[in-house]
Amino acid sequence: MMFSESHKEAQALLDKFEVYTIPIKIEEIAKKEGLKVIPYPFNEGISGTLLINENVIGFNQTESRVRRRFTIAHELGHFMLHRNQNKTVFLDKLFRFNVPNDNQNEQFEMEANAFAAAILMPEKILRKEIKGIEIDLGDELAIKYLAKKFDVSTTAMYFRLLNLKLISPH
Amino acid sequence: MDINVETFYEEIGVRIKVARIKADIKPDTLGDILGLTRTSIVNIENGRQRPSVHLLLTIAKIFRISFNELLPEFCLEHSIEDHKVHVHKKDIQSISKVDNETEQSLKEFMLSIK
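As given, the protein sequences belong to chains A and R, one line each in that order. Everything in the first sequence is counted per the working numbering, starting at 1 for the first residue and increasing by one. Everything in the second sequence is counted per the working numbering, starting at 1 for the first residue and increasing by one.
Chain A with its partners taken away, still in its complex shape (with noise of 0.2 Å):
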């Protein structure tokens, strides 16, 4: 599977921290690891960065509460798989769900973004909740629900439920 790097690392840092309840602490998880967590108001377009040397996560302290989660987590991401990569400074500009893996950079983005996905929306712990919910899950009010309890956005639940082939695409 393309991702199952990213998959496995956000679970065994979940595993590591023994992180079994949602929505996920983020910022926590990112702290323990040995990170300084620092809110900016940065330019509008740019969501978060990661300053390797400096053991430093920077996210856009204007954007909404899920969004800064996301970034947090994808900027964890880029922590976990990339920082042996040769590159110093992360920057995060936009998320992009569907892109194609035609360079390394979007390789990163991309493997980064499963990062997040998976560790803000564990698998095991959306397989409990959704077998909790005894509703059809093409339902957008289902997602929204998942969304709230897990904190993130109703596309990023979207697409993990997706990606977990939990729903067909509509």
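Read the hints as simulated data drawn from the structure, not as lab findings. Among the clues, some could well be false.
[To be verified] Think about it this way: if two alpha-carbon atoms lie no more than 25 Å apart in a straight line, the pair counts; the simulated DMTMM-like pairs of lysine to aspartate or glutamate are:
#1 R:LYS107 x A:GLU54
#2 A:LYS87 x R:GLU103
#3 R:LYS114 x A:GLU44
#4 R:LYS22 x A:GLU123
[As the list claims (entries may be wrong)] Computed beta-carbon distance windows for the label pairs:
#5 A:ILE133 x R:ARG48: 52 to 62 Å
#6 R:SER52 x A:TYR20: 57 to 67 Å
#7 R:ASP24 x A:ARG65: 16 to 26 Å
#8 R:LYS107 x A:ARG65: 24 to 34 Å
#9 R:GLY35 x A:GLY34: 44 to 54 Å
#10 R:LEU34 x A:GLN61: 17 to 27 Å
[Unchecked claim] Over the 12 Å line for every Cβ pair with chain A, so calculated as not near, a few chain R residues:
#11 VAL5
#12 GLU6
#13 ASP24
#14 GLY35
#15 SER40
#16 LEU55
#17 GLN104
#18 SER105
#19 SER112
All residues carry an ideal CB built from backbone N, CA and C; glycine is no exception.
Following the hints, complete the assembly by docking chain R onto the known chain A.
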């Protein structure tokens, strides 16, 4: 010692901007306090307008920082180049092109955490 005057005022401007952002004060508000227009504040922060020493002292007082914090380091003892925040575009991993504004915002963040 070779000092580039333009760079000097740009460095001061960035420091003022960082202090202002840290204090969560808008350019308009700072302008009101100092009796300057918003445009003047923006120009000072971009290094296009050169603030007087008296103005710098007032700004430092407003933000409750020391005067030195607004000055590029070479005034104290080192060369300005040693203390500039260096970001090489090749070291940046980004999905889309890094434009100058983005680079500036990143540099300001890096300066603010020092």
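* Structure-inconsistent hints, enumerated in ascending order -> Violated hints (numbers, rising): 4, 13, 17, 18 and 19; every other hint is consistent with the structure.
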